[in-house]
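Residue numbers (full-length UniProt numbering), protein chains in the order written: chain A, 1 to 501; chain B, 1 to 501.
Do not rely on the hints blindly, as some may be mistaken.
A pair holds if it fits inside one copy or across any two, identical chains being indistinguishable in the list.
List of simulated lysine to aspartate or glutamate pairs, DMTMM-like, C-alpha gap at most 20 Å [as the list claims (entries may be wrong)]:
(1) K396 with E410
(2) K446 with D111
(3) K183 with E440
(4) K479 with D111
(5) K160 with E148
(6) K461 with E281
(7) K160 with D235
(8) K254 with D80
Calculated from the structure, these hints are not laboratory results.
There are 2 protein chains.
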Amino acid sequence: MHVSREGHLWTPSAGLQQGLPSIGVIEPSSNRPADKIHDAVVIGAGYAGLIAARDLTTAGYDVLLLEGRDRIGGRTWSADIEGYPYEMGGTWVHWNQPFVWRELARYSMSDDLEISPIAGQGLEDTWVNRSNGSTTKLGSQKEFDILESAVKKFVNVDGKFGREAIPFPHNAHHNPVIGEYDKLSFANRLAQIEDDLTPIEREVLEIFLSVTSGGTMEESSFFDMLRWWALNNYDMLMFKEMCLTFKLKDGQSKLARQIFDEASATGKLTYQFSAPVAIVEDQGSYVVVTTRLGVQYQAKRAISTIPLNVLKDVTFKPDLLPGKRAASEMGHANHCVKVHAEVANPALRTFSGWNKGGLGMAFGDGTTPAGNTHVVAFGCSYPDLRLEPTADAGQKALAAMVAFAPTLFEDIRRLVFHDWNTDEFALGTWEFLRPGMATEYLDVLKARQGNILFASADWAKGWRGFIDGAIEDGARVAKELGGELGHSQHTLPLRVAGNDG
Amino acid sequence: MHVSREGHLWTPSAGLQQGLPSIGVIEPSSNRPADKIHDAVVIGAGYAGLIAARDLTTAGYDVLLLEGRDRIGGRTWSADIEGYPYEMGGTWVHWNQPFVWRELARYSMSDDLEISPIAGQGLEDTWVNRSNGSTTKLGSQKEFDILESAVKKFVNVDGKFGREAIPFPHNAHHNPVIGEYDKLSFANRLAQIEDDLTPIEREVLEIFLSVTSGGTMEESSFFDMLRWWALNNYDMLMFKEMCLTFKLKDGQSKLARQIFDEASATGKLTYQFSAPVAIVEDQGSYVVVTTRLGVQYQAKRAISTIPLNVLKDVTFKPDLLPGKRAASEMGHANHCVKVHAEVANPALRTFSGWNKGGLGMAFGDGTTPAGNTHVVAFGCSYPDLRLEPTADAGQKALAAMVAFAPTLFEDIRRLVFHDWNTDEFALGTWEFLRPGMATEYLDVLKARQGNILFASADWAKGWRGFIDGAIEDGARVAKELGGELGHSQHTLPLRVAGNDG
Chain A
1 MHVSREGHLW TPSAGLQQGL PSIGVIEPSS NRPADKIHDA VVIGAGYAGL IAARDLTTAG
61 YDVLLLEGRD RIGGRTWSAD IEGYPYEMGG TWVHWNQPFV WRELARYSMS DDLEISPIAG
121 QGLEDTWVNR SNGSTTKLGS QKEFDILESA VKKFVNVDGK FGREAIPFPH NAHHNPVIGE
181 YDKLSFANRL AQIEDDLTPI EREVLEIFLS VTSGGTMEES SFFDMLRWWA LNNYDMLMFK
241 EMCLTFKLKD GQSKLARQIF DEASATGKLT YQFSAPVAIV EDQGSYVVVT TRLGVQYQAK
301 RAISTIPLNV LKDVTFKPDL LPGKRAASEM GHANHCVKVH AEVANPALRT FSGWNKGGLG
361 MAFGDGTTPA GNTHVVAFGC SYPDLRLEPT ADAGQKALAA MVAFAPTLFE DIRRLVFHDW
421 NTDEFALGTW EFLRPGMATE YLDVLKARQG NILFASADWA KGWRGFIDGA IEDGARVAKE
481 LGGELGHSQH TLPLRVAGND G
Chain B
1 MHVSREGHLW TPSAGLQQGL PSIGVIEPSS NRPADKIHDA VVIGAGYAGL IAARDLTTAG
61 YDVLLLEGRD RIGGRTWSAD IEGYPYEMGG TWVHWNQPFV WRELARYSMS DDLEISPIAG
121 QGLEDTWVNR SNGSTTKLGS QKEFDILESA VKKFVNVDGK FGREAIPFPH NAHHNPVIGE
181 YDKLSFANRL AQIEDDLTPI EREVLEIFLS VTSGGTMEES SFFDMLRWWA LNNYDMLMFK
241 EMCLTFKLKD GQSKLARQIF DEASATGKLT YQFSAPVAIV EDQGSYVVVT TRLGVQYQAK
301 RAISTIPLNV LKDVTFKPDL LPGKRAASEM GHANHCVKVH AEVANPALRT FSGWNKGGLG
361 MAFGDGTTPA GNTHVVAFGC SYPDLRLEPT ADAGQKALAA MVAFAPTLFE DIRRLVFHDW
421 NTDEFALGTW EFLRPGMATE YLDVLKARQG NILFASADWA KGWRGFIDGA IEDGARVAKE
481 LGGELGHSQH TLPLRVAGND G
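Bound-form chain A, shown alone (with noise of 0.2 Å):
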């Protein structure tokens, strides 16, 4: 198995080392690019460019594949460190999200579910650390209640929970009330509930929150929270299943390298992987992509995967619309860090913890071939915890793992992260909007530009900033390219750019 240059994995004796193995690796890392204009050149091998480009090649496009990374995935893959998959970003799916079950079914991979977190037997499974510096310890029936409780009562705007405003969570801006709520922040909403929240329900709702935007309670939109209560079937049992309940047993890089082999398998696809992309010019018939290195691909369309946070940092001319500079300026919220551990302790595996700042959010995900207990932790950033690759990232991590219950961690034999918010390919984690900018950018977000077209997790229209909606807005782009094949052949028309962006 290959070594990837990204992510990080500390142990007690060798300190912090960066990189780690992955079948997410793609060694040689080019096929021979050759020198000829490409049917459409598709920019990053995220789940979004990977169904591009699988899409395109198993029509009988010729398709080059660019990535800045050693890797696939993007922002979702999975580290294999002693016969078992680190989840590094994007872990949970479920039947219920369409496009990635679709995919599952595709690759006979729909029973290869694992069950993640694990309801204890125990009364006291569940610590939450408090602000008054006390420990409740509580069932996991208990916990459960509570956040319910606390969740109902921030998405209750309507006295039908949340289906009324958002009657179809597919298309969540059909009730135009909705862009009353993307005005207010987690803090606004905050505000108006006060008076009904227990104290425990405050803390709980405020740290869950926190974890489900990866921003500050300023920072993040209450319009994005109620459109995944929707999307959750309105419903917090569902909300645990479908976000946190079912992984891949063999790890998303299984399911992404499926995508990328049968788009191979066809002969079609050219890629050249560890290739960050400079420039992209849409030259009128067709398009020019410069890498850092200086190296040009011509292709007669192009497809950008670059994240929102991302966008900014290419060069694209013409310059992008307006408003999708603005609003990859501005970035979506999430700054979330994802820290998991290998604890030789049995009993944390129904274990859940909470704790204000720092790793928020933590919970017994696994149990590894040793025997020890994989737990994985989640926390907002900023402004408690930054992972930058700094020769004391792994301290910091330890100790914020630590805090969620120190008699239970007191034999960490691993760490495993991977700093989302420094990866120049990422700058975040999964997307999550500030107030105002859904109504104001997710239209422009996914608007051509003449030859060139934007698919992203980040604006797709049902699971917004999940591995299910990477896959649709792939899909979307890629159809919308088979609309211009001239259908005698399969090969793209030339084509000159028109005003249509």
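Starting from the known structure of chain A, arrange chain B on it as the hints suggest.
Here is chain B on its own, set in the frame of chain A:
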């Protein structure tokens, strides 16, 4: 718009007429089948066949589509009468049904949803006609509460409302305990809980069950109901929303046409409608399909999408696997009758009716362009109601419809229905298995026989018996054939049949 031979319209003035207009009718019925060996012949142009043909043609294969009817859609099609679509078969869809939702997104139709039943504000919108001859009138919330209470008692085999019995709804056989539930009929399960049901719960539950399975209490497998419940997120509100709420505003035939038109536009699709297939013969390196009129077609592979209840009526050489034949001879239990009424009574828009026998369940399904209410009704056809296309079918349907609420249904302007049970290409409606069949036959029904593959909603993995399941299974076999591609050229290799059936 062309007129299908299928379906019936009854009006007070003109009486019974056969044939309904639909955009699903394909005219001319053939685009000149060429005298050559196709890559694949797809038998049946329902959703399974359309998806298989679309996936294969867009991947560059040469496909012949043969259909016995004059239209696409199989057991799902919409008749267009005075600008209003009546769904003759499969109707409702939901964003939690992954395969159909992916198709709606592909054709930019995911916002084209319309809400079918509407809860009334009044307190007496629900009429339950009791077996003692009286009528109990309820508000819609009370109706829901009774039904939810009864169904939860019916499915609660594990103290967790089925979550333990079927933890993975798309992998329903995961837990071996379901074999026990598959031995039970609805009648067996009712006997287990009869002391827990109130009289009105019992009456409503039996009607609901008979309309779910389309069979008698003795013919219907309790497991299949447990499976529906699990697919619907173990929740009565979701059951109602996923199975009975959201329909396509322009009708299902529009979606079917999108799929057909995409396949057609590749230039790789040859089709022949009104060509019922008599014999499918695997000659070892290719398949010969003979129609009833004796026309023969050759292809390297055949995909049969012939429904379970019809499979036995087509000659396969070599013969069908014994399990396939036995399952088809037995047949599934569903002989539901669906009747649409256009009634000059706007108050019926929020109506809901329950009857024992004849048509069992009715509700307002829309408002026609004339401002009348469209009411849809379902009944288990055996033993109470059969609507063979005999001269008195209109009068029988009329009597059964009026029985819901004689004073409200005084002014029926139109009845529209399709007798699926005597339809030789269906011999029943959505698949609902008899006790024991799921355990015994599902694997063999999916199995390939040499160069012949079998796809149908009737043995799908997830939403078996639904539109979603047809799409899932059509895509499965298309992917399997794609795996046999040499990848250097878009044409299937000739292949000698092995013993892999």
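Out of the numbered hints, which ones does the structure contradict?
6
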